[in-house]
Every structure is written in structure tokens, then in C-alpha cells.
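Asker: Protein chains in written order, with our numbering: chain V, 1 to 81; chain H, 82 to 576.
Hints are computed from structural coordinates only; laboratory data are not their basis.
Bear in mind the structure is a predicted one, so any value in this text is a computation, not a measurement.
Idealized CB from N, CA, C, for every residue including glycine.
Mixed in with the good hints there might be a few duds.
[To be verified] Derived, one-sided and incomplete: chain V residues facing chain H with beta-carbon distance under 7 Å:
id	residue
1	23
2	24
3	28
4	30
5	44
6	47
7	50
8	60
9	74
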Amino acid sequence: MPQLDDSRDGGARLADLAAFIAAHAARAKVPLAPTRAAEIAAAALPHLDRLETLRASLDVEAAPDFIGALLDMGETHGDQE
Amino acid sequence: MSPSSDPLARSLRETLADLAEGQTTSRQLVEACLTRIEQFQPVLNAFREVHAAEALAAADKCDRERASGTATGRLHGVPIAMKDMFHGDGESAGCGSVLRAGRVPPLTSTVRQRIDAAGAVVLGTTNMTEFAYGPTGQNAITGDVRNPWDPACISGGSSSGSAAAVAARASFAALGSDTAGSVRTPAALCGLTGLKPTHGRVSRAGAMPLSFSLDTIGPLTRDVADSALLLSILAGPDRRDPATLTAPGAFEDPFAEGTAPGRSDAPLAGLRIGRPLGYFDEDVPAHEAALLDQTAELLASLGATILSVPMPEQLPLWNSAGNILVWGEAFALHAADMAEGSALSPQTRGRLEMSLALGARDYLDAQRGRGSAVRDFCARVFSRCDVLLCPTVPGPTPLLSEVDVSGGSAMMKVLDGLTRLTRPANYLGLPALSLPIGMSRSGTPFSGQLIAPPWCEARLCRVGAAFQGASSWHRMAPPLDQAVAAHPNPKKGTL
Numbered sequence: 001m002p003q004l005d006d007s008r009d010g011g012a013r014l015a016d017l018a019a020f021i022a023a024h025a026a027r028a029k030v031p032l033a034p035t036r037a038a039e040i041a042a043a044a045l046p047h048l049d050r051l052e053t054l055r056a057s058l059d060v061e062a063a064p065d066f067i068g069a070l071l072d073m074g075e076t077h078g079d080q081e
Numbered sequence: 082m083s084p085s086s087d088p089l090a091r092s093l094r095e096t097l098a099d100l101a102e103g104q105t106t107s108r109q110l111v112e113a114c115l116t117r118i119e120q121f122q123p124v125l126n127a128f129r130e131v132h133a134a135e136a137l138a139a140a141d142k143c144d145r146e147r148a149s150g151t152a153t154g155r156l157h158g159v160p161i162a163m164k165d166m167f168h169g170d171g172e173s174a175g176c177g178s179v180l181r182a183g184r185v186p187p188l189t190s191t192v193r194q195r196i197d198a199a200g201a202v203v204l205g206t207t208n209m210t211e212f213a214y215g216p217t218g219q220n221a222i223t224g225d226v227r228n229p230w231d232p233a234c235i236s237g238g239s240s241s242g243s244a245a246a247v248a249a250r251a252s253f254a255a256l257g258s259d260t261a262g263s264v265r266t267p268a269a270l271c272g273l274t275g276l277k278p279t280h281g282r283v284s285r286a287g288a289m290p291l292s293f294s295l296d297t298i299g300p301l302t303r304d305v306a307d308s309a310l311l312l313s314i315l316a317g318p319d320r321r322d323p324a325t326l327t328a329p330g331a332f333e334d335p336f337a338e339g340t341a342p343g344r345s346d347a348p349l350a351g352l353r354i355g356r357p358l359g360y361f362d363e364d365v366p367a368h369e370a371a372l373l374d375q376t377a378e379l380l381a382s383l384g385a386t387i388l389s390v391p392m393p394e395q396l397p398l399w400n401s402a403g404n405i406l407v408w409g410e411a412f413a414l415h416a417a418d419m420a421e422g423s424a425l426s427p428q429t430r431g432r433l434e435m436s437l438a439l440g441a442r443d444y445l446d447a448q449r450g451r452g453s454a455v456r457d458f459c460a461r462v463f464s465r466c467d468v469l470l471c472p473t474v475p476g477p478t479p480l481l482s483e484v485d486v487s488g489g490s491a492m493m494k495v496l497d498g499l500t501r502l503t504r505p506a507n508y509l510g511l512p513a514l515s516l517p518i519g520m521s522r523s524g525t526p527f528s529g530q531l532i533a534p535p536w537c538e539a540r541l542c543r544v545g546a547a548f549q550g551a552s553s554w555h556r557m558a559p560p561l562d563q564a565v566a567a568h569p570n571p572k573k574g575t576l
């Protein structure tokens, strides 16, 4: 899947994302009005921007370890219930 | 009628005691619930299906067993309701949609099996947001569920009917699911107690999935002790849901006879309650902020130490990452439902369309971030406090007309507003308890949320039960008779 070019300005990134959404919809055979792609892009971009910040903080080799973290933190902060 | 003389005003535990003492029968309880449902269903649209004949037959069987001394099961004979997303034996749940009609479910839900084994009488299935995808309780297919406190307001969702049914005293408890707040939000807006367990505490096998890695199942009840009882029945390992195999131990009912703590003037002595600085305290109106202050004061009077705890600045990032996980996982399940001519509702389609903005890397990085997020949050918050106190929903209950949107930024604003404070517990996998702590100026309940470290549901219940032992917000019932007169439901469901 292509990724957004973060070096572009806001308007250009929105246009890129809208184009990506339209292409994704076509590939998934999901009907989508042309104006809808732009609406979705505007709603999604803030979340994708925050994900970009989160991504930057991840260790390059971090693997999903959610369940392990729950067990560890339960042991550390739990009541030994 | 005073609460003590109205059998439907009793809690689940009180009703079980009434049954054991011969003060009532299962048939009487089921008949009373059915009358109540008939009375308020046209306004509230809480139920999707009522199985009256089956419930009465089950009640009679329970009464015979009790009379012969063979009553077994910790919920023996008490009527409860199930969100319409738990598959029965060869019987598919409706999932708030018409798209699953006639489908043969792959397996019977574990929670239904456990509820049946405990001897409960299932009244029927409750209405819900289509495919559990939305926090308002609206459903263009099966009709909106309305709030028993004010039918002009949303019930909250997606376990909308479960909340409305229990709040309307038409069921003693109900089951719901919580992917971003879908137990806690409707519980909060309808004045109930709602418990979202730790990820992996309750099996999701045979329950309709919305988001594999965020879904949890939990009870909506009148009080904390009832939620604890139900959780102790629902919880436990299940090979059909591998997430449950990692739970470090069983959840035992902390209020069971013989194990419940004795009465104390300081039941919360030694416990540190955190008040968040940042994120969870943002955009809370003054009146509701004062209710949280009063709650903290009451908890302090019960022996707890109240501390201010700075929130990790990554919370908005984790909230967005949680959104991205739902988008990706729901799309995997429902992309085919979005085909041309599909009977998917406009609201659900609008939410599913958000998934089109994601690439695989986005989803995977949101998932990769969870382990370190759990560790960061617990290290920074639960090293300073044992339980966090915050709102469930920041402000008063919205009107239906305020949230009637089906796509784009307006929809995301509504969704973010209703789930901003609940979604983090799903992303982080933490247990969280919502319980009423006062009334908003609009006359609808306002609720606080308690969040604890993984697997610490008993700690949440201890705090919540102590609060409810010293307050009466959970005993307040909605003024339904006025509501019925004032708000005929134009989108009422058919049974």
C-alpha cells in the first residue's frame, strides 16, 4: 500500500489521501461518491497524523506484545488476586 | 410504589435472595418484566425480540426445581436480557442488521452457555447499533433506542437496548459488548453500572465481532455488586477464545456470601484514587466537574487517599490508534457488506468508509504500539495511584437530534466526543467501571469511570461498591410515565 508523503503541505496531503481512498474503494469494490473521498480524508487525517507521531516513538524492531504487557503490568500493579 | 415494594426495583442480588426466601417466584418476575416491556417498548425500543413463551416456560421450570430442592445455578430463575449479538444454539443473533438474517452461526456463544448454565431466564434480545459500530444507540434499520430518563436523548451505544431495558426496570441485568465504550457509555447515559473487563477476561467465542483485538463483553446492571456477580459467571478460560487462556487467574465474586468484607467505616483505607491532570479532565463542564469532586470527597471519607496524577501526553495518540484498529478490523469483517445495493444503514456505511483511509502499515503500527502503551500508562499512572477516577462521557447526554449524522468530519466529531474517555481502556486492555455519580443539569444521569491495572476488576468493584454503599445515585429510577406521555417514538421497533 502506498503511504502519504508527509513533506507535502496540508491541502496536498488531503488531496493525496482522498486519491488513496478512492483507489482503495475501487480495489475493494466499495461504491464511493467522488465527494465522499474528500470528506473521509478530512476526518481521517488528524488520526493518521497522530499515528505518525506514535510511529516515530516505536522501536524500529518493536513487535506486537500487547498480551505480554497486560500480564506484566498485572503482575507489577495488581493485587495478586 | 416504594422501591422495596416494587419487585422490579430490586437489584439482581436482592431478587435472588427474594427467590431463595420464597418472597417471589420466577414466573412472577418474568410476568412483571413482560408487562413492563409491553408498556415501554413503544417508546424506548429497547428489545429486538421478546421470547415470552420460552421465558415463561423456563421460569416455570425454575420454580419447579426450586420447589423440589433441585435449584442449581447462581442466577437461578432471575430474568435477564442479552444484546442481540450472542449466537444461540443454531440460532444466529441479528446483530442490529438485516444482513445476517437466516445465517447459521458457526458456534454457540460461550457467554450464553454460561448464563444458561447459571440458571438465568433469558427474556429476549436487546436492540443495538448495527454491528455494534457506534456509540449513540441509533439504528436506521431496527429503530433508535431512546433514553428512559429523557426519550429525546440518546441512550448511548452500542449496547443501547441492554441499557434502556435495565434502566427501565424491564430486566434485572443485561449483557453488552465494549469495543470503545459500548458497555460503559450506555450504562453512563442511562444511570446504570457497566463493567468492561480486562482484555481476555471473558470469552468472545460465538459473539459477533466488531474489532477482534479490542472487543470485550461485560454486564450492565443496577449496581456494582450485580456486575461483579455476573462477571464471576462470565469470566474464565475458553479454548475457543485464546485471549482468555492468558488470564492469570479466575475472577471470584468479591461479594459472595462468606467472602464479602465486613462493614467498615473506612472500607477504602490504604487505597490511592487518582484524579487525572490532563486528557480525562479536559472539556468537562463545571457542573459535571463538581460532581466528580464530590465523588472524590466521598471516596476520601471512606478512607481513600485522593491524589492528582499527570496523564501521559500520548493519550490522544493512543485514542487515534484505537480508532485505527477498529477501522481496520471492522473493514476486514464488513467490506463485503458495503457492496452496491447492500442494506447496510447509512450510519454504519459512513463509519466503515473511514477504513478506506488506512494502509496495512497504519493498522500494524497501531497494533505494534499497544504493548509499550500499556507499559507506559501503567508505569506512569498506576505507580502513583491504584485506581483512576474520571468521567465516562465528558458532559451531559446529547439529544438524538444533535448526533444524527452519518459520515465525514461531523460524524467523527460526535464519535470522538462520546468515546474519547472510554476508548483508551480498550486500546490499553484495562478494566474499567462506569457508575452514576449525580445528575446533569439536563436531568439525565452523569457517571464516573474507574480504571484499574490489568486483571484488577475486584479492586474496581471494591471502590465502586464502597461508593454505592455511601450514596444513592444507583438507586434512582427514570421517570418513565412522563417520558411515555411526552415522547412517542416515531422509529419504534416491531417485536
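Asker: Next, verify each hint and record whether it holds.
Answerer: For each hint, the structure was consulted:
1. 23: 9 Å, violated
2. 24: Holds. Min distance 5 Å.
3. 28: 5 Å, holds
4. 30: Status holds, d = 5 Å.
5. 44: Given a least distance of 4 Å, the restraint on residue 44/V holds.
6. 47: Holds, about 4 Å.
7. 50: 4 Å, holds
8. 60: With a closest approach of 10 Å, the residue 60/V hint is violated.
9. 74: 4 Å, holds
Hints 1 and 8, counting from the list given before, are not met by this structure.
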